[in-house]
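Visitor: Go by the hints and put chains U, B and R onto chain H.
There are 4 protein chains.
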Amino acid sequence: MIILNGGSSSGKTGIVRCLQAVLPDPWLAFGIDSLVDALPASMQTSPEGIGFAADGAVTVGADFRALEAAWMEGVAATVRAGARVVVDDVFLGGAASQQRWREAVGDLSVLWVGVRCESTVAAARETARGDRTRGMAASQAHLVHEGVIYDMEVDTTHTESLTCARAIAAHIS
Amino acid sequence: MIILNGGSSSGKTGIVRCLQAVLPDPWLAFGIDSLVDALPASMQTSPEGIGFAADGAVTVGADFRALEAAWMEGVAATVRAGARVVVDDVFLGGAASQQRWREAVGDLSVLWVGVRCESTVAAARETARGDRTRGMAASQAHLVHEGVIYDMEVDTTHTESLTCARAIAAHIS
Amino acid sequence: MIILNGGSSSGKTGIVRCLQAVLPDPWLAFGIDSLVDALPASMQTSPEGIGFAADGAVTVGADFRALEAAWMEGVAATVRAGARVVVDDVFLGGAASQQRWREAVGDLSVLWVGVRCESTVAAARETARGDRTRGMAASQAHLVHEGVIYDMEVDTTHTESLTCARAIAAHIS
Amino acid sequence: MIILNGGSSSGKTGIVRCLQAVLPDPWLAFGIDSLVDALPASMQTSPEGIGFAADGAVTVGADFRALEAAWMEGVAATVRAGARVVVDDVFLGGAASQQRWREAVGDLSVLWVGVRCESTVAAARETARGDRTRGMAASQAHLVHEGVIYDMEVDTTHTESLTCARAIAAHIS
Numbered sequence: 001m002i003i004l005n006g007g008s009s010s011g012k013t014g015i016v017r018c019l020q021a022v023l024p025d026p027w028l029a030f031g032i033d034s035l036v037d038a039l040p041a042s043m044q045t046s047p048e049g050i051g052f053a054a055d056g057a058v059t060v061g062a063d064f065r066a067l068e069a070a071w072m073e074g075v076a077a078t079v080r081a082g083a084r085v086v087v088d089d090v091f092l093g094g095a096a097s098q099q100r101w102r103e104a105v106g107d108l109s110v111l112w113v114g115v116r117c118e119s120t121v122a123a124a125r126e127t128a129r130g131d132r133t134r135g136m137a138a139s140q141a142h143l144v145h146e147g148v149i150y151d152m153e154v155d156t157t158h159t160e161s162l163t164c165a166r167a168i169a170a171h172i173s
Numbered sequence: 174m175i176i177l178n179g180g181s182s183s184g185k186t187g188i189v190r191c192l193q194a195v196l197p198d199p200w201l202a203f204g205i206d207s208l209v210d211a212l213p214a215s216m217q218t219s220p221e222g223i224g225f226a227a228d229g230a231v232t233v234g235a236d237f238r239a240l241e242a243a244w245m246e247g248v249a250a251t252v253r254a255g256a257r258v259v260v261d262d263v264f265l266g267g268a269a270s271q272q273r274w275r276e277a278v279g280d281l282s283v284l285w286v287g288v289r290c291e292s293t294v295a296a297a298r299e300t301a302r303g304d305r306t307r308g309m310a311a312s313q314a315h316l317v318h319e320g321v322i323y324d325m326e327v328d329t330t331h332t333e334s335l336t337c338a339r340a341i342a343a344h345i346s
Numbered sequence: 347m348i349i350l351n352g353g354s355s356s357g358k359t360g361i362v363r364c365l366q367a368v369l370p371d372p373w374l375a376f377g378i379d380s381l382v383d384a385l386p387a388s389m390q391t392s393p394e395g396i397g398f399a400a401d402g403a404v405t406v407g408a409d410f411r412a413l414e415a416a417w418m419e420g421v422a423a424t425v426r427a428g429a430r431v432v433v434d435d436v437f438l439g440g441a442a443s444q445q446r447w448r449e450a451v452g453d454l455s456v457l458w459v460g461v462r463c464e465s466t467v468a469a470a471r472e473t474a475r476g477d478r479t480r481g482m483a484a485s486q487a488h489l490v491h492e493g494v495i496y497d498m499e500v501d502t503t504h505t506e507s508l509t510c511a512r513a514i515a516a517h518i519s
Numbered sequence: 520m521i522i523l524n525g526g527s528s529s530g531k532t533g534i535v536r537c538l539q540a541v542l543p544d545p546w547l548a549f550g551i552d553s554l555v556d557a558l559p560a561s562m563q564t565s566p567e568g569i570g571f572a573a574d575g576a577v578t579v580g581a582d583f584r585a586l587e588a589a590w591m592e593g594v595a596a597t598v599r600a601g602a603r604v605v606v607d608d609v610f611l612g613g614a615a616s617q618q619r620w621r622e623a624v625g626d627l628s629v630l631w632v633g634v635r636c637e638s639t640v641a642a643a644r645e646t647a648r649g650d651r652t653r654g655m656a657a658s659q660a661h662l663v664h665e666g667v668i669y670d671m672e673v674d675t676t677h678t679e680s681l682t683c684a685r686a687i688a689a690h691i692s
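Residue numbers (my numbering), protein chains in the order written: chain H, 1 to 173; chain U, 174 to 346; chain B, 347 to 519; chain R, 520 to 692.
Derived by calculation from the structure, the hints in this document are not laboratory data.
Every residue, glycine too, gets a C-beta built ideally from N, C-alpha and C.
Treat the hints loosely; a few may be bogus.
Stated by the list, open to error - Pairwise CB distance ranges (calculated): (1) 584(R) to 518(B): 21 to 29 Å; (2) 637(R) to 440(B): 47 to 55 Å; (3) 688(R) to 454(B): 32 to 40 Å.
In isolation and in its complexed conformation, chain H is listed as follows (with noise of 0.2 Å):
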């Protein structure tokens, strides 16, 4: 199991997808859109499930720490029956999110991945992609790291997302 944790806009999916690519077995990808996806219209953009700020701040309710961590169980349990999973989250809690991470996965080995990104590159490239609420980028660039435990880092600021999923690969063959 490999957990990525990076700010919005730190090319997170594109190393999930590169490594999905580059390593030899087939492993399944989950991550926090695929949740966020998984919720009612109505919690997209609401006090009790998620909000998103039009500053780029993004607040979540009681609603959504109840589902997420019954769905960081269902990932574990995924992982327990056998299949290989990369996870790519941001952990607007910092260490506390990596706690609950942690309470969900036991004693299941984990390979802690930290995927940084200059602000400002970040938030260029958050400009470039369009369809995310500007502001995101610079405000998590370094607020999802803070008191984060990693087994490794890639900064995607001058490295393309090839380069480090080959280097996240190198480490669990």
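Guide: Structure of chains U, B and R alone, referenced to chain H:
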């Protein structure tokens, strides 16, 4: 937990979105499409993964079956951890597919719902969607229900998704 | 050239895809959605551009109107250059919107098609789609047809998109 | 009017979105992808339309060429009607493709921009995107620039889209 089964273009996804809108509690929606999205790109068109033939036939290989089994365990674990979950699936193996779910869910309480749609109407909706291989709707319309036992069935041929969803919601509250 | 007009979630896009499938010659499909996609991201949510209020009301500003007028000229020029084109639009201004198209198309031959759908059914389909602001379907169902003159009308309330498309195709061959 | 030309995964779309964000006036963005989306589904995979081979080669037929020529006339007419338009295209025919645009735009003022990206980097980004046929980036990286004359060129290999967009914007204000 609710499991909906129906052929391609029978209207499952629309019913799921309406269920999430009409049910008073928040429900997570997972489905076979989300599993396919989680696969490596190479498995989305391969004999070991899942293949979509030009005539609409869908074939699945051993690697897909193994990951699917682990994914089912994960969905069941999400429910055991306290989340309400609605799943939409296409039982390409009919009764055998239902049996795979039964093994994953164990003693969890499940509402089994069959989603029917007349073959010609499903094929017409497939044309109107424009994003599915032509022929899937017709080839799956009957196949997926063979030998499957339901708690209730809905038919979208002449009934809107929202009306079907309200009928299902009435069963679980 | 065919111009379809109908409210949000009335089924225009499905009819367009079916028209492209049943008409013997290749037709290009342009629509108000493709114009909105072509706008700068900042104009997709601004008073000068196009705004989607929480209650489903849509407002358009002067910058949008100016670009829309140029786009209509472009669509008309595409037809004059020999392409068959089907357009789906939402006449927020009713007869005034039709008049804008009349000025752009000049003496080109146009089949004007009204796409109706009962307000409650369109609203139900809006819920099933899940990707549109709730309330648009209901607020536009009657509004967009006010004062508009059609060559023919179709009603998707009880009729599939493919059937509607065949009726339209019969008018132009 | 700005016309950008570059191979698949060279970063054209990101540059276009950034151009729309940094230019003070509103610009419409059209591109070869929007033309392909406007085609009948059957033409998106046929010898008369546009075909994507498993090795990334793209072939276009007579029907596609005819509709493309009419579309170019429409884009030019949109500009003549007063809209600012940025186009991103893939000149599969190199200089011949540029000549087709020249005939459509006539005496309109155009800024021709070449978007370069090293073949291996474009191929890596293609893997990271995951939604394009593998091989397109490599096969088009040089091909599309053969014999084409530019007003300026940008290279996304080591430069972010936003930086490229600012360089282009400096040319037109």
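Visitor: Confirm or reject each hint.
Guide: Results for each hint:
1. A hinted range of 21 to 29 Å for the beta carbons of residue 584(R) and residue 518(B) is consistent with their spacing of about 24 Å.
2. The hinted window of 47 to 55 Å between residue 637(R) and residue 440(B) holds, with their beta carbons roughly 54 Å apart.
3. Between residue 688(R) and residue 454(B) the beta carbon distance is about 36 Å. The supplied range of 32 to 40 Å therefore holds.
The structure is consistent with each of the numbered hints, conforming to all of them.
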